[in-house]
Every structure is written in structure tokens, then in C-alpha cells.
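**Q** If you want the building blocks of each chain, they are given just below.
There are 6 protein chains.
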Amino acid sequence: MPTCVLDGPKIEDVEIKRTLVREITDALEKAYKLPRDAYIVLIKENKAENVGVGGTLILDREKS
Amino acid sequence: MPTCVLDGPKIEDVEIKRTLVREITDALEKAYKLPRDAYIVLIKENKAENVGVGGTLILDREKS
Amino acid sequence: MPTCVLDGPKIEDVEIKRTLVREITDALEKAYKLPRDAYIVLIKENKAENVGVGGTLILDREKS
Amino acid sequence: MPTCVLDGPKIEDVEIKRTLVREITDALEKAYKLPRDAYIVLIKENKAENVGVGGTLILDREKS
Amino acid sequence: MPTCVLDGPKIEDVEIKRTLVREITDALEKAYKLPRDAYIVLIKENKAENVGVGGTLILDREKS
Amino acid sequence: MPTCVLDGPKIEDVEIKRTLVREITDALEKAYKLPRDAYIVLIKENKAENVGVGGTLILDREKS
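Residue numbers (my numbering), protein chains in the order written: chain Z, 1384 to 1447; chain B, 1384 to 1447; chain W, 1384 to 1447; chain E, 1384 to 1447; chain C, 1384 to 1447; chain R, 1384 to 1447.
Check each hint, because a few of them may be wrong.
No copy labels: a pair is met if it fits in one copy or bridges any two.
Simulated pairs of lysine to any residue, SDA-like, Cα-Cα distance not exceeding 25 angstroms [what the hints assert, rightly or not]:
| hint | residue 1 | residue 2 |
| --- | --- | --- |
| 1 | K1393 | K1413 |
| 2 | K1413 | K1427 |
| 3 | K1430 | K1446 |
| 4 | K1446 | V1388 |
| 5 | K1427 | M1384 |
| 6 | K1446 | I1394 |
| 7 | K1416 | D1396 |
| 8 | K1413 | E1432 |
| 9 | K1416 | V1397 |
| 10 | K1446 | A1431 |
| 11 | K1446 | R1419 |
| 12 | K1430 | I1399 |
Read the hints as simulated data drawn from the structure, not as lab findings.
Predicted model only: the values in this text are computed from it and were never measured.
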């Protein structure tokens, strides 16, 4: 605690995840002022057929 | 925003996901009256060994 | 199970919540084909100062 | 409803999931006093490259 | 990490929350075998007008 | 989409929320490379009697 749950598309490169988690934790630390080890970040990767925006699957948006 | 996160069993047929996302977005649009592109729907698919109902895994419920 | 969690702004009118829950459950029932009582819908209401879109709080977007 | 969503590392052994779901449902039942079938537990398994603690991926913590 | 998020009705008595959190953490500890301080439990309290079961608000179910 | 859901203690000062949302969105933008308006951040504020760490409510940890 605090926790941060991210839902987005797949991130292929672990280096990007590494930077993302570090930068989000930096932002959390400034806001909540708790010991750094308290912050948890979860990255959830979603398939394009499992996300709808504006009533249309991302899968179908990408095709058009 | 608004977002809708669905947790259920696996849906094999993408056409069912397509309809589900469209119909849920229709319902959200009527309730919140925001531009259609604002609505996000996430479908989360769960394995039968990762869901418990009444203290028993779905995996074991299906067997009995 | 299945569950549906909605995050949006406050809905003042309970009648709108009533319709929203019924219509979403209709959509879920068509997709998952489980007994109607299995479907759970949670409505989460968020204050404009607790939601950011595009890096800006909704609170500040509404002002401008 | 009530629902319980667990986010943790992968659990290899289904027997451990079986016990976990039963014990959590026991605890929920004592607290909420609803019929046992009302309780839903979802186990979410996360890869070590998708979880950050203290700004560092679990993947990298395990290496060091 | 691991985290456990509970969504249920309001719990009036803090003593019940105290017991609930302790018992769920006991169950998590047996399953994941991590240091006890790693486990986070969040209790989310929901109003009867914000939860639908079987397409009907709990608010309306309680009346009937 | 992508969405970021934060669960932490109450933040009294809106200016801190403003900065938090902007900095998290900056980090998301670098990672996902999507249009800035696509990113949604939700701040969830939790009472000390609704969060357990290591099996103990934050409420009780603060007292001791």
C-alpha cells in the first residue's frame, strides 16, 4: 500500500516496464511520502480482442 | 472514463465479445450521457482453477 | 461470477442505476449464458478531483 | 457479492488454490454472514516482470 | 504484494474488520509463504444502491 | 485505455492530486506512446480502518 494497477496493451520490452514502474513509484513517493518499499505497481497486459473503446474492440479499430 | 471491467470465464468466440462490448457501451451511454469514445470496456478471462464460488473452485464444481 | 465493475462519475438518480444494472446484466446473460442470479454489477462513483484524463483532473477540465 | 480479488505470483499447485479459496471464504462468511454461495474469490496470477515493489520489478529483485 | 481487495456491503463494527483482515492474511500467508508484512488487504464498502445481483439492485431486493 | 487505478490513504490537498495525475500520465505516455487523452488515472482514497498490512489494520498500526 499504496498500490497502482495499470491496464494497457502488451508491452514487449522489459526495459520499458522497468522504467514505467520506477517513474510511477517516483510519482507515488512524492504524493504519499511513505517508505519507497510500500509502493506496489501491477502491470496488466490485455489482448486487443479484450478491450473495447467507444463500443468497438481495439482489435477491430486497428484493422480499420 | 467511465470504465467497465468484466471478470468471467473464457469467451471462445470473438463475435460474442464484439456484441458484449457494444451492448454494454450502449447501456453506459444511456446512463452517463458522455461522448461514446469515452467508454472503456475490459474483458478479463479467468481459468476455472482461479475462481471460487461458495468456497469451491469452479474447476471442482464442474466435475461434480 | 461473472462480475462487472463500473467506475464513473456520481449518478444522482437511483432510477438510472436501476436501468443500468438491468441492461448490463441483460448483455452479460447473452454472452455468458449462466443463470441470471450469477451476475454481479458494482457501481463505483468517483469525485471529479479523483479522476484524471489526459493528465488533467476532471475537476479542472470542467472549469475550463 | 461479496467478492474477493487476489493479486499475487503464480501458484503452481491447484491444491493450494483449493485451500486458499476455502479459507478465505470461511473468513468472509464469518464477517458478512451471508449464504456461502454468495462469496466469489478470484485468483489473479502475475508474472515477475509485471510487478514492481519499491520501484523495482520483482524479476530484478529476485536476481539480486 | 500479494494484495486482496474485498468488495462487500458496509461493515459497521471495526472489530469485525480487524478479525477479517487477520484471518484473510493467515490464509494468504499459508498459500504464498512470503513475509507477513507483504500482504495487503483492502476492504471496499458498497451502498445497497450501487450493487446489482441478477439484474436488480440490492436496495430493491431488500425491500421485497 | 490505458487506465491506472491508485489505492492509497486520503490525500487532503487537491494540488498533490493534480501533480500525481500529471506525473503518472507522463510516465504512461512514455511507455505506451498513445495520444495523451487516452490515459485515465483513478485515485481511490481508503480509510485507515479499511486497509490491512501484515494482518493488522492501518488504524491499529498508527496507534501503536
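**Q** Each hint: holds or not?
**A** Evaluation of the provided hints:
1. In this assembly of identical chains, the alpha carbons of K1393 and K1413 lie at most 25 angstroms apart only when taken from different copies (14 angstroms versus 28 angstroms within one copy).
2. Taking identical chains as interchangeable, the C-alpha atoms of K1413 and K1427 lie at most 25 angstroms apart whether they share a chain (24 angstroms) or sit on different chains (17 angstroms).
3. Taking the shortest alpha-carbon separations for K1430 and K1446, only the intra-copy value of 14 angstroms comes in at or below 25 angstroms, while the best inter-copy value is 29 angstroms.
4. Taking the shortest alpha-carbon separations for K1446 and V1388, only the inter-copy value of 24 angstroms comes in at or below 25 angstroms, while the best intra-copy value is 28 angstroms.
5. For a Cα distance limit of 25 angstroms, the shortest separation of K1427 from M1384 qualifies both inside one copy, at 18 angstroms, and across copies, at 12 angstroms.
6. For the identical chains of this complex, K1446 and I1394 are neighbours both inside a copy (20 angstroms) and across copies (21 angstroms), given an alpha-carbon limit of 25 angstroms.
7. When the C-alpha separation of K1416 and D1396 is checked against a cutoff of 25 angstroms, the pair qualifies only between copies, where the shortest distance is 13 angstroms, while the shortest distance within a copy is 30 angstroms.
8. Taking CA atoms no more than 25 angstroms apart as the test, K1413 paired with E1432 passes between copies only; the shortest distance there is 18 angstroms, against 36 angstroms inside one copy.
9. Taking CA atoms no more than 25 angstroms apart as the test, K1416 paired with V1397 passes between copies only; the shortest distance there is 15 angstroms, against 27 angstroms inside one copy.
10. For the identical chains of this complex, K1446 and A1431 are intra-copy neighbours only, at 11 angstroms inside a copy versus 32 angstroms across copies, given an alpha-carbon limit of 25 angstroms.
11. In this assembly of identical chains, K1446 and R1419 lie within 25 angstroms of each other by CA distance solely across copies; the values are 19 angstroms between and 42 angstroms within a copy.
12. Taking CA atoms no more than 25 angstroms apart as the test, K1430 paired with I1399 passes in both settings, with 18 angstroms inside one copy and 15 angstroms between copies.
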